[in-house]
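Please model the complete structure; the sequences and the hints are all you need to start from.
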Amino acid sequence: MSIIAQNIKKTFGTYTALSGVDLNVPDGKLVALLGPSGSGKTTLLRIIAGLEFPDEGSGRIEFHGEDVTNVDAGKRGVGFVFQHYALFRHMTVAENVAFGLTVRKRRDRPSKSEIADRVNTLLKLVQLEALGKRFPTQLSGGQRQRIALARALAVEPKVLLLDEPFGALDAKVRKELRRWLRQFQDEIGITTVFVTHDQEEALEIADEVIVMNNAKVEQVGSPQDVYDHPATPFVYQFLGNVNKLQLPWRGISADESDSPIIDEAKKTAFVRPHELEVVRHRAGTETEGELAVVRSIHAAGSIARITVLRGSSEYIDVELSRQRLEELELSVDDPVLLRVRRSRTFAEDYAI
Amino acid sequence: MSSRSPRSVLPGFGLSLGFTIAYLSLIVLVPLAAAFIKTSGMTWNEFVDAVASRQVLASYRLSFGISFLAAAVNAFFGLIVAWVLVRYPFPGKRIVDAVVDLPFALPTAVAGIALTAIYARNGWLGFLEPVWGGVVGPDGHVVSNGLVQYLDQLLPGVNWGEWLGLKIAFDRPGIFIALTFIGLPFVVRTLQPVLEELEPEFEEASATLGATRWQTIRKVIFPQLLPALITGFTLSFARALGEYGSVVFIAGNKPLHSEITPLLIMTKLEQFDYRGATAIAVILLVTSFTLLLLINLLQSWTRRHQRA
Amino acid sequence: MATTVTHLKAQLGAAAPVSRATRDAPWVRWLLTAVALLFLAGFLVLPLAAVFTEALRKGVGVYFRALIDHDALAAIRLTLLAAAISVPANVVFGVAAAWAITKFQFRGKNVLITLIDLPFAVSPVISGLIYVLVFGLQGWYGHYLNAEHPWFPALQAWLVAKDFTIIFAVPGIVLATTFVTFPFVARELIPLMQAQGSDEEYAAVTLGASGWQIFRRVTLPNIKWGLFYGVILCNARAMGEFGAVSVVSGHIRGETNTIPLHVEILYNEYNFAAAFAMASLLALLAIFTLVLKSFVEWRYATSHKG
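Residue numbers (this note's numbering), protein chains in the order written: chain A, 356 to 707; chain B, 26 to 333; chain C, 445 to 750.
The set of hints was computed from the structure by calculation and includes no laboratory data.
Take the hints with a grain of salt, since some may be wrong.
If you anchor each label on the Cβ, the simulated ranges turn out as follows [said to hold, decoys possible]:
id	chain 1	residue 1	chain 2	residue 2	range
1	B	Trp-69	C	Trp-656	32 to 42 Å
2	B	Pro-218	C	Ala-493	28 to 38 Å
3	B	Pro-225	A	Asp-553	25 to 35 Å
4	C	Leu-728	A	Ala-485	14 to 24 Å
5	A	Lys-467	B	Ile-120	22 to 32 Å
6	B	Ser-50	C	Glu-741	31 to 41 Å
7	B	Gln-249	C	Val-472	51 to 61 Å
Note that CB positions come from ideal geometry on N, CA and C, so glycine has one too.
Given below as structure tokens:
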């Protein structure tokens, strides 16, 4: 079931949450809506679900080519998982999962035993079959998340929408659960959209990432695509660490860049820390590269990070392997040469 | 009030808001408006005569004065009660906490006759009367001095006996006791949640910076409690102004001396002087609504300024 | 997250004694606790004890005879009737108001919340007075009955024929009681439903529940304790209201007297034992209310742990 949203506008009073957003989610894919808080991603997800409606006269939502813009949330066939799960706190886990079936009109409602079977199957699917009689407050965050998922799936939705699914969990559970979600989605193949502000999360599990900022879509593409070829300065900075290098810089020319430079005067080059190469500077030997001085070295972890100072005030972060750091035998205050493997140049004065 | 339905997926907006407004209008707004409409039919002179006669002015002085005093006493003891309930563990705390709400739960008429029974001459606390107002013989001579007579000797020139009343029940002190009784929970219940949410970090920070416990209480805790304390005081004061049931039994209701304003309204009603009653009611209503407004302003101010 | 923090605090508290910085000297604690308890005992507990002592002063026989007196029973019936009408009416209103206010955005919401609280700011005597102005025979209702060209002439004819009076009769008592207990349920539910948010209702919508199903199966179970709490307080006030009811009641023994009014009449007749016997019923209701209230608070606190 593919999802298409066209020209979605949404304002709350004077605040613009979405200013004409288009979106296209292919059938069976796991898509991440990625952006900082306030970028409009949750509003977009809620509009897709039918929990909010686009402003009068704007917007169209299609599920598999069918216009659902004016269809109620309960009839759209979406499974929605809320950020804080929204489990019914007075019902047991099994009652929560069964809810969507038990509220059906009598003639559409499965029999009691069918509902019980369905609940059991779903609890098995989310690997929590032993917890049916517990209440939500007796579960851990990760368990609640999976129950919320099971409840959403009970009504056999055509698409699955998750709002910050791992936002309220601690780091370790987050990692486990997102891998589990990826496998789970692979198994059942349901078109899934999830909202997140965590770029690592989006890049790791999504088939496609939609980067949002300021009520607009900044870029759409595969994780590798958006990471390696950011379309805008915002995407560059939002996805991973980045150095903003003041031009001129030896080895970077405006012509090489695959993006137009809007303002020649104030231009800046964007370089990720691992895209910089460091060599020791020995007077009179090599001259290729920009001169800088090592200010600090952090060698804890699998990757070493050093900070160097170029000129009087330009601090630049560099990432390199531990092995490479040992080969260089660097210490603080050593002069080094920096070379750029790849960079993008943008005009300096954009707004984030 | 906008009745334009905000498009929401939850149902029942029109029904619930429509019913709310209709019921609110029928039960509250229209009858309240009636008081103002009735008064607007009076000429200015009629109005002034009704709300500023000697008897009515005396009742304002009495009602406002004693309500203020009772609210102040409640603010003081209410602060202590709230502090003890939130900060100190002691056995039976749950029961004590529940008892604080007694004035909300006990009908005012019952409170009135019970307080009268306690403070009347032959009551459990009847022995307080000679301690307060001395003993006056049948010929009007003071047989033995009480606090009021000592005050007379200490600060002559004021008719203390008239101001403070010589008796407890059936006199001004009785009104004060009844109004203190009904106002207490307001202060305690407004302060309690604020005290509970006061993070100990503030006090710890203050202590690490070298403040004594007393300095911490005065400069760190008290300012944070002050808005709630003022709110509690005002609620208690407003409630006391309008109180009727508990006071009528214990006040003695002597004209110009111990007649509270609500009693005057009642008296005028019994004489079928609806206009006079309504005019005084309008004065009290405007006062109460002003107090309510002040509390709302104070609370929104507090929300804005203490959201650190 | 919140549970983690509490848990951590509990652990720290167990490991180290409570920070000295936030503790008062023992004599301060003793003094303040003693002052607070003495004040509460003197001002609150003593009157309660006095009610029962005075009621039983003339013996158990007199006590019970006072309660089964014909007029006493009539007062009890009327009090129950007034509560039985006004409390459900205010429950329906409270739920509707809380639903509109907490589930939707609209202009004028804060004004509406303030207006709902108005009856608390009105003196009981004035609460009665305004109903006299509207429904009294000298008031708007009286004008209607005497109007030559009224709206709905049939209604006027029927009311005149039935000699239907509101003030100094039972309908007035019910109306005045409804007014003074108006805000109780709404003001319990509004903050509660605001705090709970609407996520569970939205979840129910996405799962296909209808409006009534959402309310019955999701909202109501979540607010039931708050609702119950509001009902107890509303009921206590409804049965105990004196000032407002006193204004609109005709003080007719056996007909328009509620329990508090009957207490007043007996008291003014110097029939103290009977007056306190009736008062003891209301005092028992007050104690019962406080016990239930504490129970609800405890229930609510435990059901919201974790």
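Here's how the hints hold up against the structure:
no. : hint                               : verdict
1   : B:Trp-69 to C:Trp-656: 32 to 42 Å  : violated, 55 Å
2   : B:Pro-218 to C:Ala-493: 28 to 38 Å : holds, 30 Å
3   : B:Pro-225 to A:Asp-553: 25 to 35 Å : holds, 34 Å
4   : C:Leu-728 to A:Ala-485: 14 to 24 Å : violated, 49 Å
5   : A:Lys-467 to B:Ile-120: 22 to 32 Å : violated, 47 Å
6   : B:Ser-50 to C:Glu-741: 31 to 41 Å  : holds, 33 Å
7   : B:Gln-249 to C:Val-472: 51 to 61 Å : violated, 19 Å
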